[in-house]
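*Asks:* Chains as they are written, first to last, in our numbering: chain Z, 1 to 509; chain W, 510 to 916.
Incorrect hints may have been included.
Unchecked claim - In the DSSO-like style, the derived pairs of lysine-lysine whose C-alpha atoms are separated by at most 27 Å in a straight line are:
(1) Z/Lys268 / W/Lys754
(2) Z/Lys315 / W/Lys754
(3) Z/Lys121 / Z/Lys90
Hint data in this document are derived by calculation from the structure and do not stem from the laboratory.
What follows is the residue order along each chain.
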Amino acid sequence: MSDYIIEMNHITKEFPGIIANDDITLNLKKGEIHALLGENGAGKSTLMSVLFGMYKPEKGEIRKNGEVVTINDPNDATALGIGMVHQHFKLVEVFSVLDNIILGAETTKAGIILKKEARRKVLELSDKYGLNIDPDAKIEDITVGMQQRTEILKMLYRENEILIFDEPTAVLTPQEIEELMHIMKNLAKEGKSILFITHKLNEIMAVSDRVSVLRKGKYIGTVDTAKTNVDELSEMMVGRKVQLVVEKGEANPKENVLEISNMSVKNKTNSKLAVNNVSLNVRRGEIVCIAGIDGNGQSEFVHGLTGLEPISNGKIVLNGEDITHKSIRYRNTNGISHIPEDRHKHGLVLDYSLENNMVLQRYFEPKFSEKGFLKFDEIRKYSDELIERFDVRSGQGSITMARSMSGGNQQKAIVAREMDREHDLLIAVQPTRGLDVGAIEYIHSQIVAERNNGKAVLLVSLEIEEVMSLSDRILVMYEGEIVGELDPKKTTIQELGLYMAGAKRGAAK
Amino acid sequence: MKKQITSSLMSILVGLLAGFVVMMIIALASPDIAFYRVFKGMGLLISGPFNGTHIMTNVGNMIFKATPLIMCGLSVAIAFKTGLFNIGAAGQYLMGTLVSLSIVLNNDCTGKPAKGFFIWLLAVLCGMVAGGIWGCIPGFFKAIFGVNEVIVCIMTNWIAANITSWVFSAQKTIQATGKGGYLITTKATGNATPSLGLDKLFQGANIDLGIFIAVLIALLIHVILNKTTFGFELKSCGYNKDASKYSGMNEKRNIILSMAIAGALSGLGAALYYLNPGIEFNFNAAYMKLPDVGFNGIPVALLAASNPIGSIFSALFVRYINMGGEYMVSAGFNRYSADIIIALIIYFAGFTNLFSSILANINKKKAEKKAIAGENEKCVENGNEQSTENENEKNTENKCETVKEAE
Chain Z
1 MSDYIIEMNH ITKEFPGIIA NDDITLNLKK GEIHALLGEN GAGKSTLMSV LFGMYKPEKG
61 EIRKNGEVVT INDPNDATAL GIGMVHQHFK LVEVFSVLDN IILGAETTKA GIILKKEARR
121 KVLELSDKYG LNIDPDAKIE DITVGMQQRT EILKMLYREN EILIFDEPTA VLTPQEIEEL
181 MHIMKNLAKE GKSILFITHK LNEIMAVSDR VSVLRKGKYI GTVDTAKTNV DELSEMMVGR
241 KVQLVVEKGE ANPKENVLEI SNMSVKNKTN SKLAVNNVSL NVRRGEIVCI AGIDGNGQSE
301 FVHGLTGLEP ISNGKIVLNG EDITHKSIRY RNTNGISHIP EDRHKHGLVL DYSLENNMVL
361 QRYFEPKFSE KGFLKFDEIR KYSDELIERF DVRSGQGSIT MARSMSGGNQ QKAIVAREMD
421 REHDLLIAVQ PTRGLDVGAI EYIHSQIVAE RNNGKAVLLV SLEIEEVMSL SDRILVMYEG
481 EIVGELDPKK TTIQELGLYM AGAKRGAAK
Chain W
510 MKKQITSSLM SILVGLLAGF VVMMIIALAS PDIAFYRVFK GMGLLISGPF NGTHIMTNVG
570 NMIFKATPLI MCGLSVAIAF KTGLFNIGAA GQYLMGTLVS LSIVLNNDCT GKPAKGFFIW
630 LLAVLCGMVA GGIWGCIPGF FKAIFGVNEV IVCIMTNWIA ANITSWVFSA QKTIQATGKG
690 GYLITTKATG NATPSLGLDK LFQGANIDLG IFIAVLIALL IHVILNKTTF GFELKSCGYN
750 KDASKYSGMN EKRNIILSMA IAGALSGLGA ALYYLNPGIE FNFNAAYMKL PDVGFNGIPV
810 ALLAASNPIG SIFSALFVRY INMGGEYMVS AGFNRYSADI IIALIIYFAG FTNLFSSILA
870 NINKKKAEKK AIAGENEKCV ENGNEQSTEN ENEKNTENKC ETVKEAE
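Sequences are here, hints too, so could you generate the full structure?
*Replies:* Spelled out as structure tokens, the structure:
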């Protein structure tokens, strides 16, 4: 009998041109919480996909309880007791919690589902692990935290012993994260073995027993959590010392750049308002952050502000000029820069070269065109300059297809473009989403530099740490409304979390 | 570029092979075709216009018949570039036919060459405008109401077909010029497309000024798409509508304009074809059958991978095979089986995207081997990029299938 419940030995998985996993060994003890740490593109997801049967490795073996097993597809993985909570939940919105749990693993008698039996089992499990779910609630009506617990119950219902959590905290409030940590510890205590993918160091320190670090597809090492610290881990992950805290001086706000009064935006799918009567202002030389849990109207608010969606009510004033009814191009060319939330949907034309993407809003300007003809030399020159200045890395420089670039460099290209365009207001929506520590450090420093250069910055972020460390003022958005204005220096993460969860309301200005 | 041409040639080759297999099956199935005739038939097919004794005439006619096909191919290609599927080229072509022929046939210019040329020019331009307006309709519905352009295109095709028959049948003066009352031609009105003496060079073929116009337009479209800010916007909207909107482009206007240009190109193709004095238009039958050339524009565009210059060559190829097919009858294949084989070759030719993705995969594998052999210090990425690429391939395949079904 082996010490380990799962051993992944010398796993090598190649994709054309790259080695995503290069001779990686990962051993999971029974009953431990094992964190898998690494930057984006380090190969964490690939390794887990190998374990879950979605990829077949070129080299290496997987052992369960010391015996070699072959996992050809997710069904094999399930049969071996391996379950996974994906980052994006796989739930049927209009089904109840119970239905979602038993979906695909229904116990039937003569074609009839034995729901009573299932309900008893689900409630038992829920009690045992303190999951606290309502089996009859519909998925669309419950919180993200409860949806996640439904996913966990799905695994428990199938009697999985090895549970994989893929970045489970990305969508949760601080309170929910704490709850999840508690649940994970309970699960481990009951003998379940947990693999926990993340790039958040604090969570690892709080919950895990051991940490394995991957970097650029290679295995760096495994350490006991108790014997390490955040700085050591981040150095292992990135390969160099990282500035974890954003350094910034006092804000020195001047006159208003953006004034929004009573803005409302309709919801696309129902008659409710996605953004409800929001008023705010952003001044030169300050970073105002809109905090909130995903889906509380932040996207619609930004779309309304930038003109991507019509607003149903309200007024937007930029530099003293009413731009409520102006076109997107007018806003683009009169002072608004926008780092969009979804870089693939809005930020880039993926089948265009990098240089074309660099002039996406500017191709018609006299600098880049003459009498309707593009000046290719100028575009190349400008693009090369931006690539150099912002250190955007790609296979072939300016002529690289945007699609073939890594996510971090795609984001850097957008940041370069938006920061270099003439603007007074920078709207940055989740500018560091999915980026690794090195890239985050860079983008944060750029945003602070913007502020220090006298630009107004409106930051929309779901990451509490980012909100706390970057902003000069925090506005919390909950169900389309601004429910509080906080000073990051005087508030705590816990208080901010209460506002984000809608449990607390302050005097909104 | 080189890769595109290779994949186009590959799809032609596979098309010919498929045609060959079908010929063998037909030969085996029909007792009156001896098996060796398959090879003879194939020889005739790939000899195209170089069969028989009137080679120059054949070549001239091949070029002439390619003219409207180039235009329809361009029409489909420019819509593809903007992310639209213009299956309405047939209807736009009919509107071009209707307007240009009506202008020419109602203005007898016999003996007045200057006026004849002017009326011809007017007819060509008006045919273009008519096609353009017809193309606007699906573009408008797509941009403003979000209605799928394929549905509106198909509906407007049949509306155009009926309008054409109806309007011509109401013009008694035109009917007097035609044979049997319904076959109308520009032979007698003195305002046909100038032949520039090409009919002498190609010994009685229909070839005329039209081919030069078609080539010129193809070059023009190439320049618009690749060198101008307008082309930059059109392609951007085709690749990613949301990012184009985000960048401040008017994506709705671009959809309408793209369809208008596509329509104008089809309309121009019709004018260049029917204003030739050697061509008769049967308006009595127009409401029953949509013109093939409108649909053949789709494989032409696909074979050329939507490249405007490539469309010239792919249209010539289609006509080349058509011409060969006409000679297959002498090898014992009847007209219908010849048509099946030609259709097969042409539609296989439309699978260019599939072959270019196969080529891309082969190249990737080669690169991979090299990368393993050499030092690989590049940033490691997981498989996300690959999966999106695969999805794209699937999409293009689906498009090909839609094309087949539409036919």
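*Asks:* Compare the structure with each hint and give your call.
*Replies:* Checked hints:
With a CA separation close to 18 Å, the supplied pair Z/Lys268 and W/Lys754 stays within the 27 Å bound. The suggested pairing of Z/Lys315 with W/Lys754 holds, with an alpha-carbon distance near 22 Å, which does not exceed 27 Å. At roughly 21 Å between alpha-carbon atoms, Z/Lys121 and Z/Lys90 fall within 27 Å of each other, so this suggested pair holds.
Against the hints set out earlier in the document, no violation occurs for any number.
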